[in-house]
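**Student:** Single-letter residue listing:
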Amino acid sequence: MRDPVLPATHGLPEDAGPAGAPAAGRRLEYDGACGPVAKIAISNTLLTLATLGVYRFWGKTRMRRYLWSRVSFLGDRAEYTGTGRELLLGFAAAIVVLALLGGALFGIEMATGIDHPFYWAAQGIYSLVVLFLVFVAEYRARRYRLIRTEWRSIRFAQDGSSLRYALLALGWAAVTVLSLGTTYVVYRTRLQRYRTTRTSFGDRRFEFEGRARDLLKTWLLAWLFLLPTLGLTYLWYRAREFRYFAEKSRCGALSFTSDLGTGSLIRIVFVFVLLTLLAVGLLLAAIAALAVTAFALNPELAGSIPWANASLPFDLGGSELAGYVIAIAVFFPVIAVLRMLFLVHPLFRSVLPSVRVIGEEDYGAIAQSAQSMPRQGEGLADALDVGAV
Amino acid sequence: MPSTWARYRAGPALPVVVRGTGSYFDGESAARRGVEVEVAPGGLRILEARAGGRELAFWRYRELRPVDEPTSDGPRRIRAGNGRARLVVEDPALIAALSARAPRLAAREPGWTRLGLRWAGLLILSIAVLLATLGLGLPRFADEAARIVPHQWETGFGESLVEPVLRALARFDGADEVAFCTASRGVESLDDLTRRLAPAASPYRFVVRVVNLEMVNAFALPGGQIVIAEGLLRFAESPDEVAGVLAHEMGHVLHRHSTAAMVEALGLAFLFGAMLGDFGTGVIGAGAETLVGLRFRREAEAEADGRALALLGHAGLSSRGLADFFERLQRKAGDGSAALRLLSTHPPNESRRRGFERGATARPPSLDEPQWKSLREICARQQPLDP
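As you go down the protein sequences, you meet chains G and V in turn.
1 is the number of the first residue of the first sequence in this note's numbering; add one for each residue after it.
1 is the number of the first residue of the second sequence in this note's numbering; add one for each residue after it.
Simulated from the structure, these hints should not be mistaken for lab results.
Take these hints with a grain of salt, some might be off.
Said to hold, decoys possible - So the derived label-pair ranges between C-beta atoms look like this:
(1) V:H151 - G:L128: 51 to 61 Å
(2) G:F106 - V:P384: 28 to 38 Å
(3) G:V280 - V:G174: 24 to 34 Å
(4) V:R147 - G:C34: 55 to 65 Å
(5) G:S43 - V:R171: 36 to 46 Å
(6) V:L117 - G:L178: 27 to 37 Å
(7) V:H151 - G:S43: 45 to 55 Å
(8) G:L128 - V:P103: 19 to 29 Å
(9) G:F106 - V:A168: 17 to 27 Å
(10) G:R267 - V:A168: 36 to 46 Å
(11) G:P228 - V:H151: 49 to 59 Å
(12) V:P164 - G:G107: 31 to 41 Å
(13) G:L290 - V:P103: 44 to 54 Å
(14) G:L167 - V:A201: 31 to 41 Å
To be verified - So these bits of chain V aren't anywhere near chain G, every CB distance computed over 12 Å:
(15) G52
(16) G156
(17) K373
Quick reminder that beta carbons are idealized off the backbone N, C-alpha and C, glycines included.
Construct all of the structure, not just a fragment, from the sequences and the given hints.
**Tutor:** Structure follows, in structure tokens:
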């Protein structure tokens, strides 16, 4: 399919580097395999359950170390140098912030009662603050992940302020809502610019020249058919956006291009959604069968539930509790493993190798940057579940 | 591979000098250097890959660490301590020679026994911390927190909760519509009973109402809101039983149990959310709140019982009704599953019954015959909740 919107930069930019450089550029490579990913995902999930969630941080670290080590460029592999301890510490710090916020809201709830207008105002402000924190978390998490990513022993980095990023994001998100989504492309491009231009590899900074207007027609077309196609045009847009953003990014003498196809994104998402629905359906059927059997064997079980509470009205019996226990112990692990195996890993496999790096760089001249290392991990992002991998 | 003992004895005197090639990244620049690697006594020498090349680094064997988890394929990355430099070796002979000298490089996963012990330890520790927090820390914190909540806050909060809670209960009871029962003579009888039971110096103004639900249930909300289901009035065989239940619920209010339970539910939801990283959806938090509701504590029930006995005694009423009521309740509940009974908030038990028996002296009934009749017919007139 020809691209009517993007400028004709889809092939090669003019300065493809000095003669002798491979004209088509060098691809990023990813050679992760399903077997190890499944093994790590399953053992992580089981250990997370067994340790009541505490292992999560180490599990995440282990998975990232594997995934990162399978990404290579010019034959050299990337490395993830983060630790579980850092993630745990960051998370603990974030908890304190969220506890204070939640406590304040509860205090207002107690003081005003839940039908009072003041309470609803507080609730609204609380939601806004949480949304703001989600953006802060996103930016800080990206920073942590970049600083903990190395290639050829040189770190990536990100500076800039997470608060300014969050303000920018909140502002453009508001505009996007007010414009019924039509300006979503501005929101995407502005944030991409903020992130990219504050990213560096060693002492080389990334640059970004993308403009929202180049993507506007693509987005409006996708937006128009969003509902009739059940969101498929969104994937089409994201693939194009990825290619455009890649082409508009530079790092020193290097520029980028990508041939990410819409088809691969659709296939991945389709398989993941299908498998998840299938798994959830099968689990529900199994649980229903078990419950029916249990009640058939012991009819008094059902009859006695209303007696579980005689004084406090907030518990509506054991059945809900059982529901939550099942959700935590069965659905959570199954979906976590499916997500890793059928969403994250396939995305790595199709997105990363779609990227080609064009141009010649004297890598020996790229020096380690002086930015200080963080002592804590992703904190808020972990608490608010922002992290993608 | 030699045993640990052999390795120790041989130490730096291992005679064979193994050489090989590798790639070296020095942590200062993104250059890749081809290097010559020499397995020397005491450590690993990394030399520029040309004749007479200078030594770039010397890494002691005990500092060597693998960068990645061991795999069968692909090159091996090595670091020294927490240093930034990386060495990549692919030559199997070199890898074998290094593994023989550097214990941490030996490519094997920890055995199942060691893994098992490690995780069992962690599991026991985390369960212990969790139980300590839930069992000791959180309830105390909640009690203290409830004590500093101003009475007006409790009152306002309790009032605003009545309708949402009634709607939730109605759904649970399968009732289409929930209404307050307002037959005037019944209300008078109930108010009379409330007035006689309420302590003179109470910071709370008790508002006791009957709703048309069929469940045998009554509950207290913060600040003095007490709701009795019509089913309980039908189930009760004497006015003293109703008086006993009412006194029990007043006990909950006076001890601020609902307020504490809510603080506790919030704290627990927060803890669970924290552990499982689920603040976004709140599903797990909601589950945790349910749990706490079920756990509305035994001590709280005992406290409410104790206060009920005092209130009944002060009002000149017998606690026989309360004893009878719970006894018949237990019989009706039958032998439901042990697990459910364990979770129930009013465990039928011997010590509770004996407590009631103490105050069960013969006293005049709490309501006379016409009053009792009017109370039982209080739902002749109903006022539905606003939809």
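**Student:** All the hints need checking, so say for each whether the structure fits it.
**Tutor:** Hints, one by one, checked against the model:
With their beta carbons about 32 Å apart, H151 (chain V) and L128 (chain G) fall outside the hinted range of 51 to 61 Å. At about 31 Å, the beta-carbon gap between F106 (chain G) and P384 (chain V) stays in the expected band of 28 to 38 Å. For V280 (chain G) and G174 (chain V), the hinted distance range of 24 to 34 Å is satisfied, since their beta carbons lie about 28 Å from each other. With their beta carbons about 57 Å apart, R147 (chain V) and C34 (chain G) fall inside the hinted range of 55 to 65 Å.
Judged by the Cβ atoms, the range 36 to 46 Å given for S43 (chain G) and R171 (chain V) holds: they are separated by roughly 42 Å. Checked against the given bound of 27 to 37 Å, the beta carbons of L117 (chain V) and L178 (chain G), roughly 58 Å apart, lie outside it. At about 53 Å, the CB distance of H151 (chain V) to S43 (chain G) agrees with the hint of 45 to 55 Å. Evaluation of the 19 to 29 Å hint for L128 (chain G) and P103 (chain V) yields a failure: the beta carbon distance comes to about 54 Å.
With their beta carbons about 19 Å apart, F106 (chain G) and A168 (chain V) fall inside the hinted range of 17 to 27 Å. The supplied range of 36 to 46 Å is met by R267 (chain G) and A168 (chain V), whose beta-carbon atoms lie about 44 Å from each other. Between P228 (chain G) and H151 (chain V) the CB atoms are about 58 Å apart, so this pair conforms to the stated range of 49 to 59 Å. Take P164 (chain V) and G107 (chain G): their Cβ atoms lie about 19 Å apart, and the range 31 to 41 Å is violated.
A C-beta distance of roughly 49 Å is found between L290 (chain G) and P103 (chain V), which places it inside the suggested range of 44 to 54 Å. Between L167 (chain G) and A201 (chain V) the beta carbon distance is about 54 Å. The supplied range of 31 to 41 Å is therefore violated. No Cβ of chain G approaches the Cβ of G52 (chain V) within 12 Å, the least distance being about 21 Å, so the stated non-interface status holds. Residue placement check: G156 (chain V) does not keep its beta carbon more than 12 Å from all beta carbons of chain G (closest about 4 Å).
Against the 12 Å criterion, K373 (chain V) stays outside the reach of chain G, whose nearest CB is about 25 Å from its own CB.
Violated hints, listed in ascending order, are 1, 6, 8, 12, 14, 16; each of the other numbered hints is respected by the structure.
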